[in-house]
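Below, each chain spelled out in residue letters.
Number of protein chains: 2
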Amino acid sequence: MSAPRYDVIGIGNAIVDVLARADDDFLVKHGMAKGSMSLIDEARAEAIYAAMGPATEISGGSAANTIAGVASFGGTAAFIGTVKNDILGRVFTHDIHAAGVNFTTPPFKKGPSTARSYILVTPDGERTMNTYLGAAQLLSAAQISKKEIEDAEVTYLEGYLWDPQNAKEAFLKAAKIAHQAKRTVALTLSDAFCVDRYRDEFHKLVKNGTVDLLFANESELKSLYQTAEFDTALAALCQDARFAVVTRSEKGALVVTKDRTEAVDAFPVAKVVDTTGAGDLFAAGFLYGFARGLPHVTSAKLGALAAAEVISHLGARPERKLAELAREKKLLP
Amino acid sequence: MSAPRYDVIGIGNAIVDVLARADDDFLVKHGMAKGSMSLIDEARAEAIYAAMGPATEISGGSAANTIAGVASFGGTAAFIGTVKNDILGRVFTHDIHAAGVNFTTPPFKKGPSTARSYILVTPDGERTMNTYLGAAQLLSAAQISKKEIEDAEVTYLEGYLWDPQNAKEAFLKAAKIAHQAKRTVALTLSDAFCVDRYRDEFHKLVKNGTVDLLFANESELKSLYQTAEFDTALAALCQDARFAVVTRSEKGALVVTKDRTEAVDAFPVAKVVDTTGAGDLFAAGFLYGFARGLPHVTSAKLGALAAAEVISHLGARPERKLAELAREKKLLP
Numbered sequence: 001m002s003a004p005r006y007d008v009i010g011i012g013n014a015i016v017d018v019l020a021r022a023d024d025d026f027l028v029k030h031g032m033a034k035g036s037m038s039l040i041d042e043a044r045a046e047a048i049y050a051a052m053g054p055a056t057e058i059s060g061g062s063a064a065n066t067i068a069g070v071a072s073f074g075g076t077a078a079f080i081g082t083v084k085n086d087i088l089g090r091v092f093t094h095d096i097h098a099a100g101v102n103f104t105t106p107p108f109k110k111g112p113s114t115a116r117s118y119i120l121v122t123p124d125g126e127r128t129m130n131t132y133l134g135a136a137q138l139l140s141a142a143q144i145s146k147k148e149i150e151d152a153e154v155t156y157l158e159g160y161l162w163d164p165q166n167a168k169e170a171f172l173k174a175a176k177i178a179h180q181a182k183r184t185v186a187l188t189l190s191d192a193f194c195v196d197r198y199r200d201e202f203h204k205l206v207k208n209g210t211v212d213l214l215f216a217n218e219s220e221l222k223s224l225y226q227t228a229e230f231d232t233a234l235a236a237l238c239q240d241a242r243f244a245v246v247t248r249s250e251k252g253a254l255v256v257t258k259d260r261t262e263a264v265d266a267f268p269v270a271k272v273v274d275t276t277g278a279g280d281l282f283a284a285g286f287l288y289g290f291a292r293g294l295p296h297v298t299s300a301k302l303g304a305l306a307a308a309e310v311i312s313h314l315g316a317r318p319e320r321k322l323a324e325l326a327r328e329k330k331l332l333p
Numbered sequence: 001m002s003a004p005r006y007d008v009i010g011i012g013n014a015i016v017d018v019l020a021r022a023d024d025d026f027l028v029k030h031g032m033a034k035g036s037m038s039l040i041d042e043a044r045a046e047a048i049y050a051a052m053g054p055a056t057e058i059s060g061g062s063a064a065n066t067i068a069g070v071a072s073f074g075g076t077a078a079f080i081g082t083v084k085n086d087i088l089g090r091v092f093t094h095d096i097h098a099a100g101v102n103f104t105t106p107p108f109k110k111g112p113s114t115a116r117s118y119i120l121v122t123p124d125g126e127r128t129m130n131t132y133l134g135a136a137q138l139l140s141a142a143q144i145s146k147k148e149i150e151d152a153e154v155t156y157l158e159g160y161l162w163d164p165q166n167a168k169e170a171f172l173k174a175a176k177i178a179h180q181a182k183r184t185v186a187l188t189l190s191d192a193f194c195v196d197r198y199r200d201e202f203h204k205l206v207k208n209g210t211v212d213l214l215f216a217n218e219s220e221l222k223s224l225y226q227t228a229e230f231d232t233a234l235a236a237l238c239q240d241a242r243f244a245v246v247t248r249s250e251k252g253a254l255v256v257t258k259d260r261t262e263a264v265d266a267f268p269v270a271k272v273v274d275t276t277g278a279g280d281l282f283a284a285g286f287l288y289g290f291a292r293g294l295p296h297v298t299s300a301k302l303g304a305l306a307a308a309e310v311i312s313h314l315g316a317r318p319e320r321k322l323a324e325l326a327r328e329k330k331l332l333p
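Read top to bottom, the protein sequences are chains A and B. This note's numbering applies: residue 1 is where the first sequence begins, and numbers increase by one. This note's numbering applies: residue 1 is where the second sequence begins, and numbers increase by one.
It is possible that some hints are incorrect.
Remember, identical chains collapse to one label, so a pair may be satisfied in a single copy or spanning two.
As the list claims (entries may be wrong) - Derived BS3-like pairs: lysine-lysine, alpha-carbon spacing no greater than 25 Å straight-line:
id: 1; residue 1: Lys321; residue 2: Lys29
id: 2; residue 1: Lys321; residue 2: Lys34
id: 3; residue 1: Lys271; residue 2: Lys321
id: 4; residue 1: Lys168; residue 2: Lys204
id: 5; residue 1: Lys271; residue 2: Lys329
id: 6; residue 1: Lys34; residue 2: Lys258
id: 7; residue 1: Lys207; residue 2: Lys168
id: 8; residue 1: Lys251; residue 2: Lys34
id: 9; residue 1: Lys173; residue 2: Lys204
id: 10; residue 1: Lys330; residue 2: Lys251
id: 11; residue 1: Lys329; residue 2: Lys207
id: 12; residue 1: Lys258; residue 2: Lys110
Hints are computed from structural coordinates only; laboratory data are not their basis.
Chain A on its own, in the form it takes in the complex (with noise of 0.2 Å):
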């Protein structure tokens, strides 16, 4: 087998997000959850962007911001999504090409428009996600790449890829292509809710060994294993898991192997301004380190950094090059 092209592949919903600033009394108005994932059609898509303040667009997707990451890192990247051939397909795409990641996908020249999430960030930070998923819930087995799959150390697949018709077969035939070519399938699971939609699915990938590498915040563990208890929900984690990484905000994150547990601290961050990508960020830290063989530590503190980053500004993909902030920080030589 010749040597990776990708250090990481992600496969996801390609998204352009429209992030605006409200307080809790909007949510609470337009019934949305706080820091939760909600998918919803094109009327309701009309009435929140109608009743929101003034917005920013920005590429967004969460396996999308991942791929932007690893590239950020230096890592050698690829993304398969759909868009339409609409000015946000345009956007997504010459974005994700400017952050230096493969992206090759044919947008669609007819059906629904891209993909856009109307994006809520309260004063502390946190979002609340709205999500019209238009073109990319097209996302079908004929876009996955066998060439590039086989291409790439790690293939990256979100759980929000559940949630669209057809793209569980997509996420199906990939996981089993890379597993032929030996490579590493990784897997987030994305929300809470999603979680709570695909439970027994997730667990079954898990368990079954669908999924080499799991990356779950405490919200997503805890409803995968259905306990208001951390600690439950990482002993069930152990048991299922070969290797997983799960994020706790400003407590780190850990890292689980069959062998040990690793704790790694959370990096400091002046100002929250926008939680956006946090997640996704940190399994960009991660997944560069582990495609290039780095000591597990060493990648979640990679993470760590990424998400640092990320929470620091509006908008969930990094504006430093992340490649750079960690040679200051003496992460990479």
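Starting from the known structure of chain A, fit chain B onto it as the hints suggest.
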């Protein structure tokens, strides 16, 4: 004459900014004069966009930024400008409405797309703008509502209106209506290169009283009077203008009237992130204060405060509610 319905109405190019970070080499390589605004055609727009880094889309446009700022101070405000009925046109319209501005100019259903400015922000925070005018250049006297102009204490015009065909007529029509209604006409010179293109005409507008209140920065003023010496330019301005505000970046600002010239300090800023909109927001604060009958020095302090807010983050519209900020700083009761 009944009390005016608006504190300020602005007329200008309706533009969405596409902002990306770039180093100085990028500007040199692409033949851009740092700090300038260049008009570009669609082909050059495509080329610049393809070359520039990951971007953020935020509504912009000089006069539109000013008007959004006036509304943020709690002023009543309206805007006239032209977009197309496309995604960026809807973005512009949403954002200015969400800022609390009355904007009713009907979008075009066909013709060129909504204007965008590709803005490169260098590490020093300076911005270099490349503007594709698109639908904005179709602004004409037909869009000027007599009733709206009559209803506004101040009609605020941007020098950039001298660029598109027909917009000049819109400008002159609005100024005439405003003066017939005994209102104030204000102009910003926009940009030293813009002054260079229309020096004689701008000079005439100031001397013949078409413009009552002039906004200029140092380089625009030097360009207007074709001198490298600020003091020479200022002396010439004092001869010509009855009422002017000169902004000098970190050196603060001067309010020039027939009687006297008063200086106001710049507001301290922890870190200059992006200077886009600094002049626009200074004008916002000053115009709000002027329309509400505050002393000129107080109005200029409001301008300095708004400029400091906008240069401390990416984008040319205020992120904080300026009325609150002004109350915190004891500039408003």
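25 Å Cα threshold - placement of Lys258 relative to Lys34: Cα proximity of Lys34 and Lys258: none, with 34 Å in one copy and 56 Å across.
Intra- versus inter-copy proximity for Lys204 and Lys168 (alpha-carbon distance at most 25 Å): Answer is within: at 14 Å inside a copy they meet the 25 Å cutoff, but 68 Å across does not.
Intra- versus inter-copy proximity for Lys329 and Lys271 (alpha-carbon distance at most 25 Å): both (19 Å within a copy, 21 Å between copies)
Lys251 and Lys34: within-copy, between-copy, both or neither at 25 Å Cα: This pair counts as within: shortest intra-copy Cα distance 20 Å, inter-copy 44 Å.
Within, between, both or neither: Lys330, Lys251 at alpha-carbon 25 Å: For Lys330 and Lys251, the Cα distance is within 25 Å only inside one copy (22 Å; across copies 39 Å).
25 Å Cα threshold - placement of Lys34 relative to Lys321: between (30 Å within a copy, 23 Å between copies)
Homo-oligomer pair classification [Lys321, Lys271; C-alpha up to 25 Å]: For Lys271 and Lys321, the Cα distance is within 25 Å both inside one copy (19 Å) and across copies (19 Å).
Intra- versus inter-subunit Cα pairing at 25 Å for Lys258 with Lys110: For Lys258 and Lys110, neither the intra-copy (48 Å) nor the inter-copy (62 Å) Cα distance is at most 25 Å.
Intra/inter-copy verdict for Lys329 and Lys207 if alpha-carbon distance must be at most 25 Å: Answer is neither: 37 Å inside a copy and 58 Å across each miss the 25 Å cutoff.
Alpha-carbon proximity between Lys173 and Lys204, which holds within one copy, between copies, both or neither at 25 Å: Answer is within; shortest intra-copy Cα gap is 16 Å, inter-copy 71 Å.
Homomeric proximity label, Lys207 with Lys168: Cα distance no greater than 25 Å: For Lys207 and Lys168, the Cα distance is within 25 Å only inside one copy (17 Å; across copies 70 Å).
Within, between, both or neither, where Lys321 and Lys29 count as close if Cα-Cα is 25 Å or less: Between copies only: 21 Å across chains, 39 Å inside a chain, cut-off 25 Å.
In summary, the structure is inconsistent with hints 6, 11 and 12 from the numbered list given earlier, while agreeing with the others.
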